[in-house]
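Enquirer: Chain by chain, the residues:
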Amino acid sequence: AQRVTQPEKLLSVFKGAPVELKCNYSYSGSPELFWYVQYSRQRLQLLLRHISRESIKGFTADLNKGETSFHLKKPFAQEEDSAMYYCALAIYNQGGKLIFGQGTELSVKP
Amino acid sequence: DVKVTQSSRYLVKRTGEKVFLECVQDMDHENMFWYRQDPGLGLRLIYFSYDVKMKEKGDIPEGYSVSREKKERFSLILESASTNQTSMYLCASSFQISGSTDTQYFGPGTRLTVL
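Listed in order, the protein sequences are those of chains A and B. Under my numbering, read the first sequence as residues 56 to 165, first letter to last. Under my numbering, read the second sequence as residues 9 to 123, first letter to last.
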C-alpha cells in the first residue's frame with residue numbers, strides 16, 4: 056500500500072536548536088518526494104522536492120531508499136520556521152497525484 | 009505568479025443542503041485536485057482531474073462529486089451535506105509533466121461548517 060507517515064504531530068524546539076521532521080513512506084515504485092509547508096494564515100506551498108536537491112530557507116531533505124525515509128532537517132531553527140509541514144509522495148502515472156502525510160506542526164520558541 | 013482562487017473562504021450550510029465549492033486557476037494547468045484538510049489526518053484527496061471532463065476518485069470520494077467543464081475551473085459538489093463533512097477544503101492545480109510530478113499550487117481554502 057502507498058502510504059506516508061509523519062510520526063510527530065507536534066515538534067517544539069528553541070530558536071537556534073537543530074530540527075528534524077520525520078517522514079517515512081511505503082511505495083513499491085521509484086519514489087518522488089516533496090515537503091510542503093503552511094505558515095499561519097497562508098496557503099500551502101512547496102518547500103522542497105528531493106529531485107532538485109536544493110536547500111530552501113536552510114532546510115534540506117535526503118531521500119534514503121534503504122530506510123524509506125525523507126526527513127527534513129535544519130541545523131538552526133528560527134522563529135519564522137514555525138508552521139505546519141507535510142511530507143508528500145508522488146504516485147507515478149496518476150495525473151500528478153500526491154499522497155500526503157498527517158503533518159507535523161513545528162513550533163520554534165524564542 | 010500562479011493564482012488559484014476558491015469561491016468562498018467561509019461557508020455555513022445546513023445538513024442535507026447541496027453545496028458547491030468552486031476553484032479557478034489561471035495558469036493553464038492540466039491537473040486539478042480537491043483535498044480536505046483535517047487536524048491529525050493531513051490532506052486527503054477527494055477527487056482529481058487531469059483534463060477537461062475527466063475525473064478520478066481519490067482516497068475519500070464518498071459523498072462528493074466533481075465537475076470540470078472548462079480547463080480552468082474545477083467544482084466540488086456535496087450532494088447532501090452532512091456534519092461529518094465539516095472541514096477545510098483545499099483546491100490545487102499543476103502541470104502535467106511526462107515522467108515526473110510538477111509542483112501543486114494551492115488555493116486559500118474554504119472552511120465549510122455543516123450544521
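Simulated from the structure, these hints should not be mistaken for laboratory data. Note that beta-carbon positions come from the ideal geometry of N, C-alpha and C, so glycine has one too. A few of these clues could be false.
[Stated by the list, open to error] Covered by chain A, per the in silico footprint, the following chain B stretches (three or more residues, Cβ under 8 Å):
| id | segment |
| --- | --- |
| 1 | 22-29 |
| 2 | 87-97 |
| 3 | 100-112 |
[Claimed, not checked] So these bits of chain B aren't anywhere near chain A, every CB distance computed over 12 Å:
| id | residue |
| --- | --- |
| 4 | V12 |
| 5 | S15 |
| 6 | L19 |
| 7 | H37 |
| 8 | E38 |
| 9 | N39 |
| 10 | F41 |
| 11 | Q45 |
| 12 | D67 |
| 13 | E77 |
| 14 | K78 |
| 15 | E80 |
| 16 | R81 |
| 17 | S83 |
| 18 | G115 |
| 19 | T121 |
Enquirer: The structure should be examined with respect to each hint, and the outcome stated for every one.
Expert: Comparing the hints with the structure gives:
1. Here's how the segment 22-29 of chain B fares: 0 of its residues keep a CB closer than 8 Å to some CB of chain A, so the rule of at least three is not met and the hint is violated.
2. Counting residues of the segment 87-97 of chain B whose C-beta sits closer than 8 Å to any C-beta of chain A gives 0, which falls short of three, so the coverage hint is violated.
3. Check result for the segment 100-112 of chain B against chain A: holds, 10 residues qualifying (beta carbon to beta carbon below 8 Å, three or more required).
4. With a least CB separation of 8 Å from chain A, V12 of chain B falls inside the 12 Å interface cut-off, contrary to its annotation.
5. The Cβ of S15 of chain B sits about 16 Å from the closest Cβ of chain A, beyond the 12 Å cut-off, so the non-interface label holds.
6. With a least CB separation of 18 Å from chain A, L19 of chain B remains clear of the 12 Å interface cut-off, as annotated.
7. Distance to chain A contradicts H37 of chain B as a non-interface residue, since its nearest Cβ pair spans about 9 Å, not more than 12 Å.
8. Once the 12 Å rule is applied to beta carbons, E38 of chain B is inconsistent with being away from chain A; the minimum gap is 8 Å.
9. Interface exclusion of N39 of chain B from chain A breaks down, the closest Cβ pair being 4 Å apart, not more than 12 Å.
10. Look at F41 of chain B: its CB is around 8 Å from the nearest CB on chain A, not clear of 12 Å, so calling it non-interface is violated.
11. In this structure Q45 of chain B is not separated from chain A by more than 12 Å, as the shortest Cβ-Cβ distance comes to only about 8 Å.
12. Against chain A, the non-interface label of D67 of chain B is violated: not every CB pair exceeds 12 Å, the least being about 8 Å.
13. Taking the minimum C-beta to C-beta distance to chain A, about 18 Å, the non-interface status of E77 of chain B holds against the 12 Å cut.
14. Every Cβ of chain A is farther than 12 Å from the Cβ of K78 of chain B; the closest lies at roughly 17 Å, confirming the non-interface assignment.
15. Look at E80 of chain B: its CB is around 16 Å from the nearest CB on chain A, clear of 12 Å, so calling it non-interface holds up.
16. Against chain A, the non-interface label of R81 of chain B holds: every CB pair exceeds 12 Å, the least being about 17 Å.
17. Here S83 of chain B stays apart from chain A, with its beta-carbon at least about 18 Å from theirs, past the 12 Å limit.
18. Its closest Cβ contact with chain A, about 7 Å, brings G115 of chain B to no more than 12 Å, contrary to its assignment away from the interface.
19. Distance check for T121 of chain B against chain A: the nearest CB is about 19 Å away, which clears 12 Å, and the non-interface claim stands.
The structure fails hints 1, 2, 4, 7, 8, 9, 10, 11, 12, 18 (numbered hints given earlier, in ascending order).
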